[in-house]
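Take a look at the letters that make up each chain.
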Amino acid sequence: MKKFILKIIFVSLFSICITIVGLLLYGNLNYYLKTSFLKYPIGGYGHTYSRLDEVEHVKNIDILFLGSSHTYRGFDTRIFRNFGYNVFNLGSSAQTPIQTKYLLKKHIKQLNPKIIIFDVYHKTLSSKGVESAIDIISNTKNLSLYELKMSLEICDIDVFKTFCFAVVKKFFFQEDYFEKTYKIHDNDKYVIGGFVEKLAFVDHKFQSVFPKIPENQLSKKQLSAIDEIINISKSNNAEIILVNTPLNKQYNTSYEFNNYFDSLMNTKTEYINFNNLNLSLNDTIHFYDKDHLSQKGVELFNKFLIEKKLNFSKP
Amino acid sequence: MLFNSIDFAIFLPIVFILYWFVVQYNLKRQNALIVLASYVFYGWWDWRFLTLILFSTIVDFSIGQKLRHENQKSKRKVFLWTSIIVNLGFLGFFKYYNFFLENFINAFSLFGMTINANSLNIILPVGISFYTFQTLSYTIDVYKNKLEPTEDFIAFSAFVCFFPQLVAGPIERATNLLPQFLYKRTFEYHKAVDGMRQILWGLFKKIVIADNCAEFANQIFSNSANMNGSTLLIGAIFFTFQIYGDFSGYSDIAIGTSRLFGFDLKQNFATPYFSRDIAEFWRRWHISLSTWFRDYLYIPLGGSRGGTWMKVRNTFAIFLVSGFWHGANWTFIIWGALNAIYFLPLILTSSNRKNIGVVAGGKLLPSFRDLIAMLTTFILTVFAWIFFRAENVSHAFNYIRGIFSDTIITKPSFDGKWDASIILCLIIIFLFIEWLGRKEQFAIQKFLINAPSFSRTLFYGVLFFMIVLFYKSNAAEFIYFQF
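Protein sequences appear in the order of chains A and B.
No gaps in the numbering here: position 202 of the first sequence is 202 in the numbering used here, and each next residue is one more.
No gaps in the numbering here: position 101 of the second sequence is 101 in the numbering used here, and each next residue is one more.
Derived by calculation from the structure, the hints in this document are not laboratory data.
No experiment lies behind these values; they were computed from the predicted model shown.
We treat Cβ as the ideally placed atom computed from N, Cα and C, and that holds for glycine.
Accuracy of the hints is not assured; some may be wrong.
As the list claims (entries may be wrong) - Covered by chain A, per the in silico footprint, the following chain B stretches (three or more residues, Cβ under 8 Å):
hint, stretch
1, 188 to 196
2, 407 to 420
3, 434 to 443
4, 467 to 473
Here chain B stands alone, though its shape is the one from the complex (with noise of 0.2 Å):
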């Protein structure tokens, strides 16, 4: 079930009222509810693979019951490794089995040697990269003595398939989430009033400002060998607030729903392109996954212990794994590469942690330097997202040649400029709104929130005519359910 559908706008109200008015009074059957209508929430695209779901909250549950009653260390690693490698199999066979296949041919093939084997037809699992990390976060947490395991099942297993973040996240630590599925959850009427509001940009995000996006990038990328260099920097603009517009937008969404079955989830997002350098953008993008990283692999492998060498190590281990993560095709690893290039200036100097706070804090505007720094930090991004975006990686190398090539100074062409330019347009208002709210959990959190009630309803009701306005009937699904 997509988030932005009509599906949607009638399973969220039908929930939300057996929630509150139905099973309030009882946890268990709070949590229940919960497990169901996530199952069928994700039963809607292909209930087949809720077994693959219920088969890993079975496997994690019991091992977390393992690690309780177990103190030998050599056992407890036994215990660890069975999560890992069955949480890790799935993922690999599903996501990577046909990857590896072709590359380990393709490598025979250069030394003469033929080999026969046929490529399975797989079906990705939605969001399959992002419960096998939340699962696996919980048996981590366990084993490190860093969280009690839980005894209720039901519970669990609300945790691993709660619907708003089930598909795309944000990927929650169980030390954050769990134990809020322990506690009967009452009514908070600013809490909900919040929820909605991060529901309205979120939808905003996606649907005027990704989906529109996404039909430009789509047309240029697509027809990238005919379109000249100015009309490719254009597409990999498009494409640059695509991405940030559909995923920071479902994770507004899904923060959002949580906020009205009154549960608090991680902020996913902080206004990332307002970042100073790319060590600052990675603080800000996809905070979950980043910070999943930082403690369960960048720490782990020594993380900023040791010589700079050993952090130039563990910064490319991180940012190679994040590209492969995000799918498997080279250039997500190009992608991830590039990233860990970026960083290598910030780490030879130490200075990654320079720009911590929010960029021109207190005052309307940046100043001259934090604009350039601002400016750079964009286009080294937009540059990385063409690797993102592209087929394969000699289509992002014509790709990037194309721009630097001497059309770059001819006039844009491709289809649609009249809707193209309304877009760039709505992209001015969408940065100036989330430059005034810059400092939030959401950029219109606070927004208005001195000025008269009716100023602010009137500011809501723009923001769903334009969302009507703008929706497509043949919007593109959320970019990262296919990771």
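Bound-form chain A, shown alone (with noise of 0.2 Å):
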């Protein structure tokens, strides 16, 4: 029995080493094969590695946006500039509560924002939180311990496997072709402070009707995240509000349990749903898809933020 135990040891550990040895390679190999096995999306959508890159030079400032790609298209950060808010947008492309959490905890104390809005879309609310790990993960200049964290609360094999690729990448290699990804694409344009605008107006053929989404299931891990987040938000002496941003209204009536919904957020803390407040945004010309709005739909939509809802509170 002693000398079964310890081969499986011995075993064990040899193929721990050769597998952390395989996903270097393959994982370097894959950057030009781009196959599904190891996911390390650098740059990739929603431009995450220049908006953690530039989240490190940043410090205390007025509001911190956090959320989805609802968010970093969402929240335009040079017409806050122009109201006199200094802001930063950490929204990351599917970021869940999960995420938002060990971002706002990595990086509260340097940015010590006064005011949080942080972007609850229920569709991350169900989500486990696989693909935003995963680009947060990859594109972290400098790993910590939160990202561990991370990993271990999300308990997922393609995030473990970026996360391995990763630590041993980052201990190896420099990562120098980091430098392009500021660069448009996809008629994607970064802009300082993370908020990613849309360059060409997509004519998106709108569906004229979505089927009917019944109620959805809530990740209970994904409400104790938001509990956290009020929680961080508040130790830190930070307002937070949650936001439900707009949606195209087509897609938006889909969701069968939207009042359901909005009544859970309203017992955590302000809570302010764009999508029941009367924003004149027309689907066709203020949406390029069903859940993003364009370039002219994200002026209106800052501008009624900062008019409407801020002015009372501005620093």
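Two chains, two frames, some hints: make the complex.
Laid out in structure tokens, this is it:
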């Protein structure tokens, strides 16, 4: 028995070493192959690398934006700066409250925001958070314990693979091709402060009818992450506002549980669902797809937010 | 609990340590631990259905006891039929109730009669087809005096619910497995190492081959109406390897796990895609089910005794029942019938036992004749799997029509071609290793056995790396769980 157990331990340790070397080799090759077996989307969709690189150098801001692509495509940092606010947009693709929690823990002391605006899109609340975790781990220059804790909390093999590869890669190689990521790709331009502007207006053929989406199963883990985010904000003397950014009207009404969701969020802290307010947004002009605002929509929405909702607490 | 889950990776070492370090000196305790662990393993999925297993165990154990003391033939028959009705009754209700109801209503509607009956929202208990057949084998063998009924209820319970093979087989015969619960097991180093090797190979088949083939097979079968012929053909080939990797992978993990606890289960797959005719294929595919049907259905029906037409009738009977065993859908019945049709020329020419041994025994490569025979059998199998995988009969026929359209010579078109190319390369490597190990119980049993120990360890390390790299977090459950 002793011999068997020692053999198992030896083969396991050896296999782990082979796996680390294998991940390193395959991961580097995969930068060109782009297979889905090991996900490491550097710079990729949403300019996460540029944002996470920039945030390292930002300090003492007025407003911090957090959330999914609705956030980094919905809050134009230039507009807020024109109104005198010092802001940073820390949104990332499909960011769920679990990722928001760890990003906030990592950066709140240094950013020291007065107000935190956190977009709680119900789709991200029913997600496990794998896609977003992979995006953040791949695009973080200096990995810390926060990314490790996030991986452990999500407990998903794809996230573990990306994390292991990221650790080994960052240890052995300097990722100089990161510089490219500030460039425009897919009509997306990164704006200093974390916003991503869609340069061309996409003539999107909107669906006239979206199938009804029944009451969703909101993840308990994600809901408790929202509570933790609120606690972290309050313990750092930051005012937190939960928001639901505007969605294409037809798409928004396809959700049958909007009322339930609104009442749930209202129990947590101050909450604004912009879909319930009269912003005069037109589905064709102010959106470039079913749930993302076009630049015209962003301007209208941001001015509305600043003039109607933020003026009273302007720093 | 799934074999390819973190839950099982924690569960298995705990049970192993308790089994060999805490209760190792006492047979009753060893068996009791197996029952407890098996109930936890099954209850992880849905604890409510444990009552079904327990009930089945009590019924068959009691009938075994009754048969021990009963010599009157008519009464013995009553006991036997009680067991058959109870076991098949459960199976029939949970698996086939809605199927019969729907077909009954449809049949009446053909004559213009409308029947209002509601189908029930029935959850199919995982593994019911497997443990039902296993317990039936006990009662039938006791009835036929092939097996002495056991008086040890714990040992019998362990035989019914033994966790490695509870939910998807191999379907063990009472004559093989039950006696192993009646004698104390001792730890054997070589058996345990062999078991670990088989688990590793099973995980490779399931995670690297089956789950990755599933991604493309699902994509192509779900959108088959919009796919060209060459893509549909690739989809069918992916499914062919998905089902083999999935089911034989499960069997390997089950057999390997059993070896860790000192048990020997039957080989369930013996490189079936290297078969030279369909009869050989069925001697190598899901062996435990094929032999079950042979012993408890084909032979009682008369087997190969009698005339040619008797043989044909019996062959069709077992293939149709086997198809129906897989699921309550006409697609499975057609799949069974198709295999029976493949079998027909072999019966008529009495050549169904022509290819008994391993192909190209003692040689590295097959002869040209064997190669053609293997390819032909493989193509026939791929064609039959289309019915097995299709949602319904019209889907299957449309799929086949799509393959045989003029778009068969166009370029395949589906998402993730790079991924698919890598998986195709892996399938080739996989087939190469299976070919080299075709004489063994499982392909890597003696792979690199004469090479230096370092090479072997390196090979296992590479397999482990591939399992990690190709593991999918959204992987499908084992296909045979639904049966």
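Verification of the supplied hints:
| no. | hint | in the structure |
| --- | --- | --- |
| 1 | 188 to 196 | holds (count 4) |
| 2 | 407 to 420 | holds (count 3) |
| 3 | 434 to 443 | violated (count 0) |
| 4 | 467 to 473 | holds (count 6) |
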